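Based on the sequences and whatever the hints tell you, model everything.
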Amino acid sequence: MAFTLYSLLQAALLCVNAIAVLHEERFLKNIGWGTDQGIGGFGEEPGIKSQLMNLIRSVRTVMRVPLIIVNSVAIVLLLLFG
Amino acid sequence: MHPAGLAAAAAGTPRLRKWRTWPAEEIWRAGTWRGRCAAVSEVTTGQGSRDRGPGVSRCAQRRDARSRSWYVVQAGLELTMLPTLALNSWQSSCLSLISAGITASKRRIPVSQPGMADPHQLFDDTSSAQSRGYRAQQAASGLGYPATSTLPQAAFLADPVSNMAMAYGSSLAAQGKELVDKNIDRFIPVTKLKYYFAVDTVYVGKKLGLLVFPYLHQDWEVQYQQDTPVAPRFDVNAPDLYIPAMAFITYILVAGLALGTQDRFSPDLLGLQASSALAWLALEVVAILLSLYLVTVNTDLTTIDLVAFLGYKYVGMIGGVLMGLLFGKMGYYLVLGWCCVSIFVFMIRTLRLKILAQAAAEGVPVRGARNQLRMYLTMAVAAAQPLLMYWLTFHLVR
Chain A
0 MAFTLYSLLQ
10 AALLCVNAIA
20 VLHEERFLKN
30 IGWGTDQGIG
40 GFGEEPGIKS
50 QLMNLIRSVR
60 TVMRVPLIIV
70 NSVAIVLLLL
80 FG
Chain B
0 MHPAGLAAAA
10 AGTPRLRKWR
20 TWPAEEIWRA
30 GTWRGRCAAV
40 SEVTTGQGSR
50 DRGPGVSRCA
60 QRRDARSRSW
70 YVVQAGLELT
80 MLPTLALNSW
90 QSSCLSLISA
100 GITASKRRIP
110 VSQPGMADPH
120 QLFDDTSSAQ
130 SRGYRAQQAA
140 SGLGYPATST
150 LPQAAFLADP
160 VSNMAMAYGS
170 SLAAQGKELV
180 DKNIDRFIPV
190 TKLKYYFAVD
200 TVYVGKKLGL
210 LVFPYLHQDW
220 EVQYQQDTPV
230 APRFDVNAPD
240 LYIPAMAFIT
250 YILVAGLALG
260 TQDRFSPDLL
270 GLQASSALAW
280 LALEVVAILL
290 SLYLVTVNTD
300 LTTIDLVAFL
310 GYKYVGMIGG
320 VLMGLLFGKM
330 GYYLVLGWCC
340 VSIFVFMIRT
350 LRLKILAQAA
360 AEGVPVRGAR
370 NQLRMYLTMA
380 VAAAQPLLMY
390 WLTFHLVR
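Protein chains in written order, with numbering that gives the first Met the number 0: chain A, 0 to 81; chain B, 0 to 397.
No wet-lab data here; the hints were simulated from the structure. Since this is a predicted model, take the numbers as computed values, not measurements. Hints may be right or wrong, so weigh each one.
Said to hold, decoys possible - Just the calculated beta-carbon pair ranges, DEER-fashion: (1) A:Ala-10 with B:Thr-260: 29 to 35 Å; (2) A:Leu-21 with B:Leu-333: 29 to 35 Å; (3) B:His-216 with A:Glu-24: 51 to 57 Å; (4) A:Pro-45 with B:Arg-397: 48 to 54 Å; (5) A:Leu-51 with B:Phe-326: 44 to 50 Å; (6) B:Asp-262 with A:Asn-53: 50 to 56 Å; (7) B:Leu-215 with A:Leu-12: 45 to 51 Å; (8) B:Met-378 with A:Ala-10: 22 to 28 Å; (9) A:Leu-21 with B:Leu-288: 19 to 25 Å.
Cβ atoms here follow ideal geometry from the backbone N, Cα and C, with glycine treated the same way.
Here it is in structure tokens:
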């Protein structure tokens, strides 16, 4: 069974990188997933799509700097230890 | 923020999600008690128990008194575990003084359930027997201070210098302990974790029986005691971390045993099994948290609760693998099949109360896309358990 905690960490890093790469203006707006397009009514609870858009936006905002650090560390470790 | 959430946070309960489902009795209680506090907390504008106006006193006092008494009990538990005898007697006698002082001044919390010890005290206080012995000795000499003529360390403590040194040393130790406790709570939520380990043998027996045969159990609702869920030892429906932790470790050991009987064992495989099972658990927790966020479920299911529920499947896995070792593949499939169905039913019945809206949980079919989504989510979580149980054990039984 090769599914270890380390591979989980690697997969998580790759997923977060993938989310961070989605550009707001060039890409998300073109497919209708920009966050300024999705605000529904205030009283009704948000649907899945607007929750996803909010999640993508928050991940991009919060993880920008930590991702730089973690990616650098991962690159150095992979270069050294393969 | 929600005033009720504030009240719960001040009283030191597990952190609630942003929105909370309220059991029916809770709503009634909220209407009477928190209705009075609601107006008050508007005034205090989200500062909770910090501000003290004349109208705030009762609600804030009750919250404070509850958290204070909890800290006293906790401090008492920590302090009575100090190693040396002399220190122990000094601390326990001082602690009895302090707690007597505090309990005399605070408002008494009414215990609403008969036959239940103080619900905020998770563990039995076993220090009383020891301190009672010392207190009997010191009765003649007055309050608190160790009577130098009756203690076995009489000669050592009679010297005033060493007496003072002992007192200084113990106060240093107490300060150090306080500092560590204060800081460790920032990284590991120790007080919250203690709730999940407050179990006893009867609870463990009943819970294991429930995991294997959940079909006859009627009432799946966790009892609440003044806004906090009751400790597991008082209610068989409450989640605990003891069974999942023990079952996980036993699973690792049984996996090692199974591999050993097939001549496939090597010590690093144990670590690999443990890592793999933990990784699957972490993946499950993250997936369920993500889907709970996306479906905007108002639930008080905390992360640790979720870990506890997801850890219950290890019990079935252990049973399956052991039967597979004893009776071969047929025994493995039979027992695993039975445990899979039981875990499926158990998870559905437990999660239904936590995830689905109150009306739906009582059996009345509620229409609407939201409830349908929640139903699918519950079914998906429950269906993932048998799959994972099979996936994590089939390679152990040949």
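Here is how each hint holds up against the structure:
At about 33 Å, the beta-carbon gap between Ala-10 of chain A and Thr-260 of chain B stays in the expected band of 29 to 35 Å. Distance hint check: the CB atoms of Leu-21 of chain A and Leu-333 of chain B are about 49 Å apart, inconsistent with the given range 29 to 35 Å. Taken as a hint, the range 51 to 57 Å holds for the pair His-216 of chain B and Glu-24 of chain A, whose Cβ atoms sit roughly 55 Å apart. At about 50 Å, the CB distance of Pro-45 of chain A to Arg-397 of chain B agrees with the hint of 48 to 54 Å.
Between Leu-51 of chain A and Phe-326 of chain B the C-beta distance comes to about 48 Å, which sits within the given range of 44 to 50 Å. Separated by about 54 Å at the C-beta atoms, Asp-262 of chain B and Asn-53 of chain A satisfy the suggested range of 50 to 56 Å. A C-beta distance of roughly 47 Å is found between Leu-215 of chain B and Leu-12 of chain A, which places it inside the suggested range of 45 to 51 Å. The hinted window of 22 to 28 Å between Met-378 of chain B and Ala-10 of chain A holds, with their beta carbons roughly 26 Å apart.
About 21 Å separates the C-beta atoms of Leu-21 of chain A and Leu-288 of chain B, a value consistent with the hinted range of 19 to 25 Å.
Checked against the numbered hints given earlier, the structure breaks only hint 2 and satisfies all the rest.
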